[in-house]
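There are 2 protein chains.
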Amino acid sequence: MIAIILILLSSSSNMFVCGETWEPSWSKEAAKEAEKVAAIECSGHGRAYLDGIVLNGHQPLCECNPCYAGPNCSQFISNCSANAGSGDPYFLEPFWMERPEKSGILVSGWHRMGYTYSDGSYISEMLVKHIKKLHQLVGNVVTDGRFVVFGGGSTQLLNAAVYAYSPDSSLQSPAKVVATAPYYPVYRTQTQLFNSRDNRYEGDTSIWKQNASSVNATFIEFVTSPNNPDGKLTKQILNGSNVKTINDLAYYWPHFTAIPSPADQDLIIFTISKVTGHAGTRFGWAIIKDEGVYEKMLSYLDSNTMGISREAQLRALKLLDVVLEGDGKQLFKFAYSTMKNRWTKLKEIFSKSKRFSLQKLSPEYCTFFKRSRDPTPAYAWVKCEREEDENCYEILKAAKIDGRGGSLYSAEDRYVRLSLIRSQDDFDILINYLTKLIDQE
Amino acid sequence: MIAIILILLSSSSNMFVCGETWEPSWSKEAAKEAEKVAAIECSGHGRAYLDGIVLNGHQPLCECNPCYAGPNCSQFISNCSANAGSGDPYFLEPFWMERPEKSGILVSGWHRMGYTYSDGSYISEMLVKHIKKLHQLVGNVVTDGRFVVFGGGSTQLLNAAVYAYSPDSSLQSPAKVVATAPYYPVYRTQTQLFNSRDNRYEGDTSIWKQNASSVNATFIEFVTSPNNPDGKLTKQILNGSNVKTINDLAYYWPHFTAIPSPADQDLIIFTISKVTGHAGTRFGWAIIKDEGVYEKMLSYLDSNTMGISREAQLRALKLLDVVLEGDGKQLFKFAYSTMKNRWTKLKEIFSKSKRFSLQKLSPEYCTFFKRSRDPTPAYAWVKCEREEDENCYEILKAAKIDGRGGSLYSAEDRYVRLSLIRSQDDFDILINYLTKLIDQE
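The listed protein sequences derive, respectively, from chains A and B. Just so you know, we're using full-length UniProt numbering here: the first sequence kicks off at 1 and counts up by one. Just so you know, we're using full-length UniProt numbering here: the second sequence kicks off at 1 and counts up by one.
Hint data in this document are derived by calculation from the structure and do not stem from the laboratory. Any given hint might turn out to be false.
Remember, identical chains collapse to one label, so a pair may be satisfied in a single copy or spanning two.
[Unchecked claim] In silico lysine to any residue, SDA-like type, Cα no more than 25 angstroms apart, as pairs: (1) Lys436 / Trp26; (2) Lys289 / Asp144; (3) Lys354 / Arg386; (4) Lys129 / Asp264; (5) Lys333 / Tyr365; (6) Lys28 / His58.
Full structure from sequences and hints, please.
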């Protein structure tokens with residue numbers, strides 16, 4: 001009897017105390033290493049990464065958020081300026097930290113060593129499927145019958161698109177590349193750096209408004225919707241059969257704007273940076289109608305980098321797996337909720353100001369959330385209203401707010417772009433200084 | 001007494017039956033998923049990957065090696081041609097499969113979401129350190145005091161270097177880009193695709209040999225050593241203060257060539273594809289002497305893609321961790337041993353032939369292996385010796401050997417490049433057909 005009890009007890013403790021049956025074999029080291037680094041405490045004001053700097057100690061250093069310092073980022077630097085410059089999408093980090101189980105990916109030592117996928121291309125077929133599903137779910141782009149090309153961020157695809165729309169022969173005039181102020185400066189600086197004989201940056205779209213169709217050259221018009229920096233939904237300006245548009249819809253997601261209808265233009269570009277928040281992954285995609293344009297963009301990607309990292313594509317696949325789970329709305333609800341709260345706070349502060357104003361934003365019906373809603377753009381496009389306040393960037397800088405001056409976007413310097421998509425730490429510091437500044441009026 | 005025994009037994013079964021103490025928590029799903037896919041049997045003639053096509057079943061399909069087919073790649077297609085075309089470095093795959101524990105990396109859902117590392121750059125400082133260590137260990141490049149830039153494969157760095165060496169102003173003549181036949185066609189096709197006003201592909205280096213220094217323009221000479229396709233160690237041809245060289249040392253590793261001395265030129269480019277075998281990662285680096293050239297290349301990388309994938313850099317770091325372990329020679333011994341065996345077999349077969357010949361290869365002293373050794377290049381550069389055999393590619397193709405014709409490398413079509421760095425399956429099939437072909441003479 002005692003023997004039976006002993007045996008039962010020993011067996012039961014195996015099942016109930018040892019836990020579930022699966023245990024890692026070869027993956028253990030990688031899993032352990034990742035959990036160890038994730039457990040490094042950075043006071044909630046920083047992060048340690050697997051590839052962070054390792055000094056004399058044996059674990060990577062905490063990398064602190066702006067205005068925080070110290071070995072575990074617990075020291076707040078009191079007179080430190082708010083970082084409201086770049087669009088690093090850290091506002092989405094909490095979403096991923098709440099889902100560690102589902103969002104990690106273990107890349108084996110032998111993962112995809114070859115140059116191509118099994119179909120001979122540089123493009124993951126499973127990832128294309130996921131992207132089309134994502135767009136169908138959100139309803140922001142028509143994807144039926146379209147071709148898809150991947151690039152290193154939308155950045156690489158912008159020039160690939162300019163190349164694809166430019167003439168093939170030197171017998172034709174170079175294409176004229178235009179953008180409408182205020183616009184994302186890379187459209188101009190990138191085109192100028194590459195300095196191709198087949199195209200040339202030709203200034204603001206408005207110059208060509210009246211006579212584009214009568215010019216003997218192709219126009220390549222950048223249309224950004226929502227626009228960066230001011231968040232407005234835009235349409236192309238030039239008309240004519242010689243006008244091609246590159247539609248940069250990086251921000252056309254429910255977290256930033258209503259989705260009135262699915263976009264349907266011939267060439268549309270997206271980036272994972274502004275949907276899941278993974279800017280460091282360098283992954284963007286173009287949705288293309290015309291097969292000839294698609295083939296030209298593939299040639300460009302082949303020549304430039306022979307496609308993009310297999311790891312970036314694998315990671316994007318895993319992240320989109322998580323996004324598409326269930327009703328596929330969790331990420332967008334989280335992101336929209338954060339942006340809405342931030343805009344509510346911002347509008348409240350600016351409502352007290354006569355000196356500074358925000359861009360005007362009108363509500364629109366959103367087919368994703370199925371109701372009318374205000375835009376909640378990634379950036380505040382602040383205007384210094386006083387006539388003498390010509391350099392808004394300097395005025396805000398003196399008030400410890402580091403934004404980006406309007407002239408960077410080919411607008412007047414009485415405008416400043418403030419990033420609202422960084423971490424909660426960055427946003428809190430920004431709100432603090434804005435409150436102080438406006439209280440002084 | 002019985003109670004004590006019971007307690008002891010319960011506790012001991014926890015320790016000895018449950019196994020070691022560490023168990024994964026949030027990393028479990030990623031680890032389990034990776035092990036599951038790795039366990040998919042593809043008969044040793046294919047591989048299943050985490051992002052492979054998933055049909056009605058619940059696991060990714062086996063992706064079969066050339067000439068193998070079926071759901072688990074067990075069917076050999078008997079009249080299928082040998083794939084001896086591209087340089088997919090599968091010959092290194094067994095090295096990584098033998099080290100699954102050390103070579104995997106688990107990327108968390110929140111890994112490096114921002115645009116930059118903590119120093120504001122796109123370049124992982126830890127990875128730069130590893131690369132310098134690697135070069136010191138192998139002794140193939142001088143890295144002291146040099147700048148390092150990363151790119152999407154060496155591919156992206158080639159054009160970044162052409163850009164960096166080209167004039168900044170349209171007042172100067174475009175730089176003349178040259179390469180020496182037989183050469184890797186991308187130097188020409190890439191320069192032509194980008195078609196920058198600041199440079200132009202100007203033909204074979206030999207045309208300019210006599211008068212380069214008297215021409216009022218910069219020459220940008222591509223020097224590939226060992227050369228692709230013929231594996232020879234080369235030096236620059238043109239002389240003059242107006243001559244800049246881009247030194248593509250992708251194959252300058254002990255698996256392919258003796259290392260007589262560390263390379264010391266002003267701009268040297270490498271790719272992880274040809275050292276660890278991870279061509280799909282799209283990771284290359286340039287080692288640069290001049291700070292101005294370094295800054296220009298950084299601008300190019302910024303404009304083109306805003307740096308490269310953080311996942312690619314993390315993966316490269318992990319892989320180099322493994323390479324640098326112990327005496328740091330394991331990978332090179334493995335790789336050299338494979339290449340040596342393959343060349344021994346190849347030379348044996350070709351020794352019986354009067355119709356076909358291999359490139360002449362002379363032994364050289366290697367500072368890495370500390371002895372004289374024959375080159376073991378990545379490619380055989382086969383020549384059809386009979387006068388009437390003008391198209392060697394077609395002759396080999398008819399004999400079921402699919403290589404690359406000499407004209408692709410700007411050489412005569414009586415040459416064919418055969419890839420010797422693919423999988424053992426590919427090499428065995430190649431040897432089989434070569435043996436048959438030469439036996440027929």
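Here's how the hints hold up against the structure:
| no. | hint | verdict |
| --- | --- | --- |
| 1 | Lys436 / Trp26 | neither (55 angstroms within a copy, 42 angstroms between copies) |
| 2 | Lys289 / Asp144 | within (9 angstroms within a copy, 50 angstroms between copies) |
| 3 | Lys354 / Arg386 | within (8 angstroms within a copy, 89 angstroms between copies) |
| 4 | Lys129 / Asp264 | within (18 angstroms within a copy, 47 angstroms between copies) |
| 5 | Lys333 / Tyr365 | within (16 angstroms within a copy, 65 angstroms between copies) |
| 6 | Lys28 / His58 | both (19 angstroms within a copy, 24 angstroms between copies) |
Consistency with the previously given hints fails for number 1 only.
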